[in-house]
Amino acid sequence: MSEGMRVRMRVDGAEIAADVDRPGESLLTSLRDRLGLTGSKNACEQGECGSCTVLLDGLPVCACLVATAQCEGREVKTVVGAVPRPVRDAFVACGAVQCGFCTPGLLVSVADLLDREPDPDDALIREALAGNLCRCTGYEKIIEAVHVAAEAMSDGVPRVPARSHLHHNQWINVTTFPRGDAETGEDTP
Amino acid sequence: MPEPTTPTPPRRAAGGVGTHPAAPAGPRPHAAGVGTSPARPEAEAKVNGAFDYASDLHFDGMLWGHTLRSPHPSAGIRAVDTAPALALPGVHAVLTAADVPGKLHYGLIDADQPVLAAGEVRYQGEPVAIIAADTLDTARLAAEAIRVDYEVREPQCDPQAAVDAGNHFRYQPVRLGEPVTAEAAVIIAREYTVGMQDQAPLGPESGAAVPTGDGGVRLHVATQWLHSDLEQLAPCLDLEPDRIHMVMAGIGGAFGAREDLSVQAHMAMLALATGRPVKMMYDRAESFLGHVHRHPARMRYEHGADEHGRLVYVKAHIVLDGGAYASTTDAVVGNAASLAVGPYEVEHVAIDAWGARTNNPPCGAMRGFGGVQTCFAYESQMDALAEALGLDPLEIRRRNAVAQGSRLINGQIIDAPSPAAPAVVGSDAVPQAGTAPSPAPPGAAGADARPFSPLADMIDRIREIPVPAIPAARDILDLPGGTGNTTHGEGVRRGVGYGVGLKNVCYSEGFDDYSTARIRLELEDGEPVATIHTAAAEVGQGHWNLQTQIVRTELGVDRVRLAPNDTKVGSAGSSSASRQSYMTGGAVKAAAEAARALWTDRDLADGPIEATRVFRHRATKPMDAITGQGDSHVQLALCVHRATVDVDVELGLVKVVDLTCVQDVGKAMNPNALEGQIHGGTAQGLGLAVMEELVTVRGEVKNASFTDYLIPTILDMPPMRLHIVENADPEAPYGLRGAGEPPTLSSTPAIVAAIRDATGLALTRVPVRPEHLTTGRPS
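Residue numbers (the working numbering), protein chains in the order written: chain E, 1 to 189; chain H, 190 to 968.
Quick caveat, the hints were computed from the structure, so don't treat them as lab data.
One or more hints might be untrue.
Stretch by stretch, here's where chain H covers chain E in the computed footprint (C-beta under 8 angstroms, at least three residues) [claimed, not checked]:
no., stretch
1, 55-67
2, 91-101
Stretch by stretch, here's where chain E covers chain H in the computed footprint (C-beta under 8 angstroms, at least three residues) [stated by the list, open to error]:
no., stretch
3, 485-494
4, 854-864
Note that beta-carbon positions come from the ideal geometry of N, C-alpha and C, so glycine has one too.
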């Protein structure tokens, strides 16, 4: 253990001081365990999964790979402060959130993408989000959510698509067989 | 975790001010009811970073727990010296097997796994000692300071050799007819291998134990089955079950990995020993060692078919590696055996399935559960038969497809109406629901002389969906190798392949599978509010949302609240086996129906109404130990996949360019969540096909990190086209079929078939790796 040091940084708009007693402590550990800011997630802590993605002076980084000691005087934005409302709304409406553990990191990456490229195509979206692992969704609805968010942000009109997947994927069809009324049969007088 | 509240959907016309709403006469459509896709109740917290996962837990004065694990797959333990660890400042407790308060072993089916190793270790990563310290760093340093005197032994790592030596958890044969080769026009005999897949949920194993002050303990933990954890824990802690309160913490994915105990007993022991809250959280490397995996398999299959491609007989010798401890290997072997030929009719069968005991990592539940391994083998066999007979791969499947009334190899009749309706018992006087009316067979049956075959219908549907064309001009990024810029298209071959999967839903083989739900109805501000209380795990699949949809449909209320999942209500069973919509969905429906009946006779202004219901599916039977015969499955679900791939045959790189899926879900309860399940299940099947394998060498795991164990990224996943079929099961709530697992079965063989189509290679092993494609390639 070395001498402690105090690191001052701005996190989601608030001036924060972190007392770090190890030179190698990661920004992710400081945020989560020292400051109680658990919005950024810890799925791998070796820069592979992207769950801890934050904006450091506006650039997306894995907070687990940044030493807190490097952050003196810098601006950190997590899922709490980095993500425009339409992006979050689109993730909710499109079903891009399942277990949600990857979501904070993905949202920050999407915010960064849409800041650079307001109307990305699928290929650009895939490239931009290639560093964010998701184990639940197969990514289909995440791509769709990015399109919906981009559209909402382009005209400033918030929208909640009812069955928004048709926007992205016209190949979801449902066939229902005629059948006995198993749905309501038992209890309908 | 904040109590999940669900967004209030748009108000419908209701009673005016001063009138109390009355009970609806029956279920009725609701803007956020069954069949709609409302936003999940916990979604807002999840997108705001405010949802508390188990790894986010914090309690004042808490200590951090850590586990010392064996570096050896097999070793005796001569001595453990904890003194150097205890001497470190900030260390509060170091416990070993000698400190386990009660029973020394636990397990989901057989209690054979030591809480902490005593005398010997049987796999790499087996817990030997646990530490509580002021910080996680200190606890890790303390673990390094513990001196364990191991007597290293030669590990048993070959599952077939283990079986030959009599080391198996279960042997399950299936015998039907007389499998003889005489009548077969074509015989295909091949051996298949499936590597060890990991669930790799992004949320690490984590939780916190808090002493309650009276000798008991409260556990906040991310688990798939609270009550099973409690049942296993209580004897080990030597506590009465009512002294342990299990509360669900936020779950970051599960996929089977949270079915077995991980941190539970250890953190409880440390909390009881120190009198302080103790949090445990695995890092990714420890997570790979600290939970069970999908069973690796070696399977020797022989299929005989007549000249029309109809199956004459199937023989299979299936060895699943259960690793060091039993976990759920027993049930996995049962599934592998009973589903060993897939959804095809065959009269003569000889299957022998084993779950071997070795010194490899313990294997247990993962999405697909015994169905995935055999599906890869039997679908590969169907393709090989088709090729030998010059038949279209879909046509040979269609000719053999099970139909209504077909007999599966365990003797079970598929989709036949059952005499017994789902049983419902409750804590009040509302009578049991009557027998559901038998539905007419689906209309598509009509003209055909054969009974209706849902599978043949699904095959016809996927045939109608066009295969994506090869674009005239392709971006280099779209080719195999992608951003690596490894080809301009020379050496890239296109292939198309199909896979069909058959998965059992709910627990099989006579298990008393049930779920419990409690619903409370009360007035708040003159409006009825329903509170749902179950112990069912929301692992990400959308089960909380589904519960609110059911209650809104059954009770017509807009405002629905979810009580935290804990053990103060009866068991919900596990969020596994694609069963939670069926089982806890069924329990919530039954409780809501009971509450509705009570509401009819009283005014909510006179006080709240509460109804609790236990829901059971129809009873099943064990498989016969000699013949494997027995009506062992509750419900069966089908999924058909078509994969289109581009393969760079020079570099061995695969790019899956399209996955098209037809799945029968009975009833699309929440279309948005359902699609997400199919997408996600398909992705995990893709992972097994071309990426994911936990590599062990002499029992040691070589790639316990996301750097070395690769799961599909957004660049690896193609667009997925879905055709969802609702072929209702009259016995299931709302007609639904479990939907989470079937796509994980069928996508793997479809992708491998497509790679075979592109390369001409036999490919009998998954995951397919580049060297499998570049060596032995026909020139």
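Hint check results:
Coverage of the stretch 55-67 of chain E by chain H is violated. Counting CB-CB distances below 8 angstroms, 0 residues qualify, and the rule asks for three or more. Requiring three or more residues with a Cβ within less than 8 angstroms of a Cβ of chain H, the coverage given for the stretch 91-101 of chain E holds, as 10 such residues are present. For the stretch 485-494 of chain H, the stated coverage by chain E is not satisfied: 0 residues place a CB nearer than 8 angstroms to a CB of that chain, which falls below the threshold of 3. Requiring three or more residues with a Cβ within less than 8 angstroms of a Cβ of chain E, the coverage given for the stretch 854-864 of chain H holds, as 6 such residues are present.
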